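Chemist: Full structure from sequences and hints, please.
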Amino acid sequence: MSLSTWLAFFAASWAISFSPGSGAVSAMSAGLRYGFRRGYWNTVGLIAGILLQILVVGVGLGALLATSEIAFAIVKWLGVAYLIYLGIKQMRADTSPVDPDAPATDGRISTLVLRGFLVNASNPKGTVFLLAVVPQFIAGGQPLLPQYAAIAATLAFTDLVAMAIYTALAARVLRLLRSRRHIRWLNRGFGGLFIAAGAWLATFRHHA
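Residue 92 in this note's numbering sits at position 70 of the sequence shown, and the numbers go up by one each step.
Hints listed in this document are in silico derivations from the structure and should not be mistaken for laboratory results. A couple of the hints might just be wrong.
Claimed, not checked - Ranges between beta-carbon positions, derived for each pair:
id, residue 1, residue 2, range
1, L100, G214, 38 to 48 Å
2, L167, T225, 17 to 27 Å
3, G82, A175, 16 to 26 Å
4, V81, W207, 37 to 47 Å
Only a predicted model underlies this, so the values are computations on that prediction, with no experimental measurement involved. Every residue gets a Cβ at the ideal spot worked out from N, C-alpha and C, and that includes glycine.
Modeler: Laid out in structure tokens, this is it:
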């Protein structure tokens, strides 16, 4: 991969990372509920999910997902169900004011990481998108592993920055919340965003 090709992908990665979607909603939801330091662990899971999708594309399974109606439908509806589940759970979350500097009594780090991972890993739309975008930056006459490694590292970096900003913005809102009523409406809002993301994924059509 030439420097000019990598720079083009680097620029594209910022647009990919900052684009609104279930990952951004997940990051903001974690920041709102747990503050930045704990909520940012959700991003570790999101990155792991992205890396898995790049691996799937790299070994050719992405092509199977793009051409197989059954494989696509299975992953798609699992993703839809998970996002709706997260939405309902967010709507029913505790409305007690949270001190972002206090030790968390719930929201284990492993749970936050797993949640982020499942949000991205169960999204076939992301896999199909990467399948369409990534090959444009791959030089066929050069070893593939270093090129995919560079792409994965680049996208992981831009996602770390983008999700940090989303998480920090939500955590800043958390510091201002002292009313159960406000927290309840924010929980409902983020729950609605998760459900909307699930509904949007449900409308995503398979294209062979």
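Chemist: Decide, hint by hint, whether the structure agrees.
Modeler: Going through the hints against the structure:
no.	hint	in the structure
1	L100 <-> G214: 38 to 48 Å	21 Å, violated
2	L167 <-> T225: 17 to 27 Å	36 Å, violated
3	G82 <-> A175: 16 to 26 Å	21 Å, holds
4	V81 <-> W207: 37 to 47 Å	44 Å, holds
When each numbered hint is compared with the structure, violations occur for hints 1, 2.
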